[in-house]
Amino acid sequence: MSLLVNFISKIVFYRAHSFNLFLLERILLAISISGVSGCDIALLYNSVEEKDSEKAFSLYNSFSVVGYLIATVMSTFIIKISMDLLVLATIFPYGISVIVALFLKDVTCEKRGKESIKRVLMFVIKSPQILIFLISVALESEVCHSITVFLNQLQYKRVNIDIKYYGLILVVIQIVSMISSQAYKLTRKFGKGKTLTFMLFSIAISCIFLVEIKSAFFSILLIVIISFSESIILPVATEIESKSVSLGNRATVLSAYAVIIDIISAVVNLVIGKAANHSLRIAFFMCGILVILAVGLNIIYFTMIKILDVKLEAVLITYLTSFCIHWNMYDIH
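In this note's numbering, the protein residues as written are 388 to 720.
Bear in mind the hints are in silico, worked out from the structure with no lab data behind them. Please note that the accuracy of each hint is not assured.
Heads up, simulated DSS-like pairs for lysine-lysine below, C-alpha to C-alpha not over 27 Å straight-line [said to hold, decoys possible]:
| hint | residue 1 | residue 2 |
| --- | --- | --- |
| 1 | 630 | 576 |
| 2 | 544 | 601 |
| 3 | 572 | 693 |
| 4 | 601 | 551 |
| 5 | 579 | 513 |
| 6 | 581 | 513 |
| 7 | 438 | 492 |
| 8 | 576 | 693 |
| 9 | 442 | 576 |
| 10 | 630 | 693 |
| 11 | 581 | 442 |
| 12 | 492 | 630 |
| 13 | 630 | 579 |
| 14 | 442 | 693 |
| 15 | 442 | 492 |
| 16 | 661 | 601 |
| 17 | 442 | 630 |
Quantities reported herein were computed from a predicted structural model and do not represent experimental measurements.
Please put together the full structure from these sequences, using the hints given.
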């Protein structure tokens with residue numbers, strides 16, 4: 388039903404030539420997203436064996452990247468013909484998704500019935516460790532989104548990369564991100580705690596380096612590292628969230644998790660936006676600080692569930708903190 392509403396929203400968007408129709412499209416899209424939120428992850432998690440859930444999420448994330456990559460490449464050709472044709476073309480994939488969804492098999496391991504909002508909220512409040520983890524995920528996710536969607540283009544301009552290469556750089560970044568399909572192999576070898584901490588550390592140090600980097604090559608490399616690290620983190624984090632649910636209706640709890648992450652992300656977005664209003668360097672520095680906080684919260688989470696040897700992680704966060712203090716000694720305008 389949610390996918391059908393999404394399909395209808397695209398038809399409305401194609402016909403939208405007034406504020407009221409644009410508003411209607413946004414409302415329909417919001418309804419669709421809220422309906423799908425949590426259900427897709429719950430369905431996928433319950434459709435495979437528990438030991439294969441991380442692999443399934445990794446593939447799910449990779450296919451999302453492939454879809455985004457195909458859409459990006461196709462849009463560069465279609466937009467040359469007509470903007471209206473480009474909007475019209477988006478309707479068909481959503482229509483196909485509605486048809487394909489009709490052939491999905493519902494899972495039987497979920498307990499039937501509704502979970503009250505009060506019970507779900509009490510579950511989250513009484514599970515401080517997962518709340519800490521959700522905050523860590525929200526910080527990392529919004530920082531990566533801000534850098535790979537908005538700040539990256541400002542950095543390319545800052546280091547004098549011609550705008551005609553922006554699309555090519557995006558394609559390279561997306562291709563690298565598809566490696567996330569192998570994320571489960573990293574966690575099987577090193578464990579979830581160390582894998583997430585190292586990836587978060589990579590993002591944080593990349594953000595800090597972007598404060599002063601003026602090389603086109605290293606700017607692209609650091610943004611690729613950020614995108615790659617985020618693509619590894621996403622399926623691992625999704626599995627952790629899914630496994631943390633002990634209530635009957637997994638989809639409802641995962642939806643609540645998504646709401647919490649969205650609220651925190653909105654605040655983080657404002658913070659990064661305010662920093663960017665002052666300067667790009669301050670924005671990158673703020674991103675680094677936020678991810679350092681995410682590293683700390685990640686360590687706390689895995690320490691609380693007692694499956695992480697914190698020695699290496701303590702060294703990393705101590706190094707990062709001293710590194711940032713060193714950078715802060717400079718007058719960043």
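**Study point:** Hint consistency between residue 630 and residue 576 [alpha-carbon to alpha-carbon, up to 27 Å]
**Key:** Given that 27 Å is the threshold and the Cα spacing comes to 20 Å, the pair holds.
Point to revise | Given pair status - residue 576, residue 442, alpha carbons within 27 Å | key: holds (14 Å)
Review point. Straight-line Cα separation of residue 661 and residue 601 no greater than 27 Å?
Key: Holds. Residue 661 to residue 601 sits at ~23 Å (cutoff 27 Å).
**Study point:** Hint consistency between residue 442 and residue 630 [alpha-carbon to alpha-carbon, up to 27 Å]
**Key:** Status holds; Cα separation ~14 Å.
Point to revise | Straight-line alpha-carbon gap residue 576 to residue 693, limit 27 Å | key: holds (18 Å)
Practice item. Verify the proposed pairing of residue 581 with residue 513, using a straight-line Cα cut of 27 Å. Key: holds (26 Å)
Review point. Taking 27 Å as the top limit, are the C-alpha atoms of residue 572 and residue 693 close enough?
Key: holds (22 Å)
**Study point:** Hint consistency between residue 492 and residue 630 [alpha-carbon to alpha-carbon, up to 27 Å]
**Key:** The given pair, whose Cα atoms are some 21 Å apart, holds under the 27 Å limit.
Review point. Does the structure keep residue 581 and residue 442 at a Cα separation of 27 Å or less?
Key: Holds, at roughly 18 Å.
Exercise for review: With a cut-off of 27 Å on the C-alpha distance, tell me whether residue 438 and residue 492 pass.
Suggested key: holds (20 Å)
**Study point:** Proposed proximity, residue 579 with residue 630 (alpha carbon, max 27 Å)
**Key:** Within the cut-off at roughly 13 Å; holds.
Point to revise | Pairwise hint evaluation, residue 492 against residue 442, where the allowed Cα distance is 27 Å at most | key: holds (20 Å)
When the structure is compared with the earlier hints, no violation turns up for any of them.
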